[in-house]
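Participant: Letter by letter, the chains look like this.
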Amino acid sequence: MKIVVLEKQVPDSTEISVDKNTGALIRDGVPAITNPDDLAGLEAALQLKDADPSIEITVMTMGLPKAKEMLDESIARGADNGVLLTDRVLGGSDTCATSRALAAALEKVGFDLVIAGRQAIDGDTAQVGPQTAERLGVPQITYVDEIIKIEDGKITVKKALDDVDQIITCKLPCVLTTLSGMNTPRFMNCNDIVDLMKEDKVKVMTNADLGLDPSLVGFAGSPTSVKRTFTKDVSAETNTYNLSEQETATMIAKTLKEKQIITK
Amino acid sequence: MDFNLTEQQKMMQKLFREVANGVVKENAADVDEQERFATESVEAMRQAKMLGIPYPREYGGAGADYLSYILAVEELSKTCATTGVILSAHTSLGTWPIAQFGTPEQKEKYLTDLCTGKKLAAFGLTEPNAGTDAASQQTTAVKDENGDYILNGTKIFITNAGEADVYIIFAMTDKSQGTRGISAFIVEKDWEGFTFGLHEKKLGIRGSATRELIFNNVRIPKENLLGKEGKGFRIAMQTLDGGRIGIAAQALGIAQGAIDEVIPYVKARKQFKRPIAAFQNTQFQLANMQTQVDAARLMVYKAAMAKENGEPYTVLAAEAKLFAAEVAMDVTTKAIQLMGGYGYTRDLPVERMFRDAKITEIYEGTSEVQRMVISGAMLR
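Quick mapping for you: the protein sequence lines, in order, are chains A and B. The letter at position 180 of the first sequence is residue 180 when you use our numbering, and the numbering goes up by one with no holes. To convert, count from 1 in the second sequence and add 1000; that's our numbering.
Just so you know, these hints were derived from the structure itself, not from any lab. Be a bit skeptical, because a hint or two may be false.
[Claimed, not checked] Pairs of lysine-lysine, PhoX-like flavour, derived with a Cα cap of 25 Å:
#1 A:Lys201 x A:Lys49
#2 A:Lys68 x B:Lys1228
#3 A:Lys66 x B:Lys1119
#4 B:Lys1010 x A:Lys66
#5 B:Lys1231 x B:Lys1107
#6 B:Lys1189 x B:Lys1118
#7 B:Lys1143 x B:Lys1231
#8 A:Lys227 x A:Lys254
#9 B:Lys1231 x A:Lys49
#10 B:Lys1189 x A:Lys203
#11 B:Lys1107 x A:Lys203
#12 B:Lys1010 x A:Lys198
#13 B:Lys1175 x B:Lys1228
#14 B:Lys1109 x A:Lys201
#15 B:Lys1189 x A:Lys198
#16 B:Lys1014 x A:Lys201
#17 B:Lys1109 x B:Lys1119
#18 B:Lys1014 x A:Lys68
#19 A:Lys2 x A:Lys203
#20 B:Lys1143 x B:Lys1228
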């Protein structure tokens, strides 16, 4: 069985600050990390491999050449190999163009299961996983919180929604999108780091390898354009209430639910 | 001459930082306060396959180099010196003698479990009356009619005692031969007659298990003699040469860890309407501290590379440990001073680092022993 885990290298959002004058994000010197939802997807795949070592895990990303370091780190955590889609033609892709390239690459490398993180902490669209599934013409289960079992060509997972959990069984091949809270990603390990230095396990693919029309990928193939980015103003407005303890507790709980800070 | 880490060493360093900041750091204060073993740290090291870094893959090790292991001790010790010494005592004192002097059977039986972290190792040389004068061993191992040995005696101040499963123990097999009458043995934790004394209550590295080993007619099968009979003292001294690089790395980590705590503090702490980082005293103290630490780092890495490359490293290791330990004492003292009353409290980690630093001037050869080793080589 072959699992392909889709990953994205993102700026560590806990390290980003905002320029006080322009309101723009200061990205200089911010370390790049593997998107947390994607790391959960990798860990879920590695747990399946722990139980069945015959499983092959490929990590795949589209990005700048330096995204290879992320794939290498995933291999150092226990993935078998990586695929890096990198090409100037692929630059500037929106989710539509990204999923087109990823789907083409997935068809080239083959898969029984694709696991993508729910969304990236920089773009926050949650679109690439589902779009990729649509382009591949396979079923998708989003917001996966637990992989329960894989049996007889079917996968059973728990999908976590705001107020309910769903247990879903689906035929393979399919695409899952995973939540960062579903597990604790393991560390890299020294043995896999040593092995990685002996053999480059990341295959680089360009658009020529994908065979896609250059007008359908990258900036040219992206219908989305960003009109403006800005930081939301923080309002100093404060509401004051005079309530009993019971009423206060009810109100806090209700407000937290409304703001989706708690879900149950 | 190349002062740069290799790609492999850099990636390992990143892993060690993730382990240190992801697991080790959050438990460091509790490990110290409760004087408890750093179980979470050991589990994280096991997962990251850090317990056999410089040993061959065929015995479960990572097959990496000695400097990579030294980087691990340094990074761990930045946040928790207890965790640093657990790894150091396991890797360079407990495991190395088996990797270096063990028979294929001994390696098969012990090395694999130690390198994979299934078991932990410790080293027992020091006795109540044999500290710096390690040659005056009173523990005895007497051969019986089957060729097995009967071990009697007491070891003191043993790191990882009680937590380790495998112990390298030194004992007199022939008192008339002096140092040539000392032999090394591999002893297992659960053998009959082998018990542990109380936990020592220490100034620093309080989570490190430091206990007495008590041997009362412990039968050691003859196949557990490590190296040849009478070669134990040489094995002990060679092992300590390597161990010293580990302790030097621990001292280096403690010192850098203290600086790393001080920097954000002096930027945030305001007195006289200015951050104290704006005062020249702060700036000059910090410059001195970092310069000392960087010098120590070069010495520690050089000793590690000499060992890795099979060059003589006894003097380099002694110099590195002597210097790094004194730097750790000096830097942690100054770190508390820069943080004033807050630095003196147990709410912030520098007072712990200050307490932890002191042991690096004492164990695996005091600073005086290091001076004897260095000057001994100069005056030979």
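Participant: Each of the hints needs a verdict: does it hold here or not?
Facilitator: Going down the list of hints, with the structure as the test:
1. A:Lys201 x A:Lys49: 18 Å, holds
2. A:Lys68 x B:Lys1228: 50 Å, violated
3. A:Lys66 x B:Lys1119: 39 Å, violated
4. B:Lys1010 x A:Lys66: Within the cut-off at roughly 16 Å; holds.
5. B:Lys1231 x B:Lys1107: Given pair Lys1231 (chain B), Lys1107 (chain B) holds - Cα atoms ~18 Å apart, limit 25 Å.
6. B:Lys1189 x B:Lys1118: 14 Å, holds
7. B:Lys1143 x B:Lys1231: 16 Å, holds
8. A:Lys227 x A:Lys254: 35 Å, violated
9. B:Lys1231 x A:Lys49: Between Lys1231 (chain B) and Lys49 (chain A) the Cα gap is close to 47 Å, so the pair fails against 25 Å, i.e. violated.
10. B:Lys1189 x A:Lys203: 48 Å, violated
11. B:Lys1107 x A:Lys203: 38 Å, violated
12. B:Lys1010 x A:Lys198: 15 Å, holds
13. B:Lys1175 x B:Lys1228: Holds, because 16 Å separates the two Cα atoms, which is no more than 25 Å.
14. B:Lys1109 x A:Lys201: Roughly 33 Å between the alpha carbons, so the hint for Lys1109 (chain B) and Lys201 (chain A) is violated.
15. B:Lys1189 x A:Lys198: 38 Å, violated
16. B:Lys1014 x A:Lys201: 19 Å, holds
17. B:Lys1109 x B:Lys1119: 11 Å, holds
18. B:Lys1014 x A:Lys68: Holds, because 16 Å separates the two Cα atoms, which is no more than 25 Å.
19. A:Lys2 x A:Lys203: 16 Å, holds
20. B:Lys1143 x B:Lys1228: Distance ~14 Å between Lys1143 (chain B) and Lys1228 (chain B) Cα, so the pair holds.
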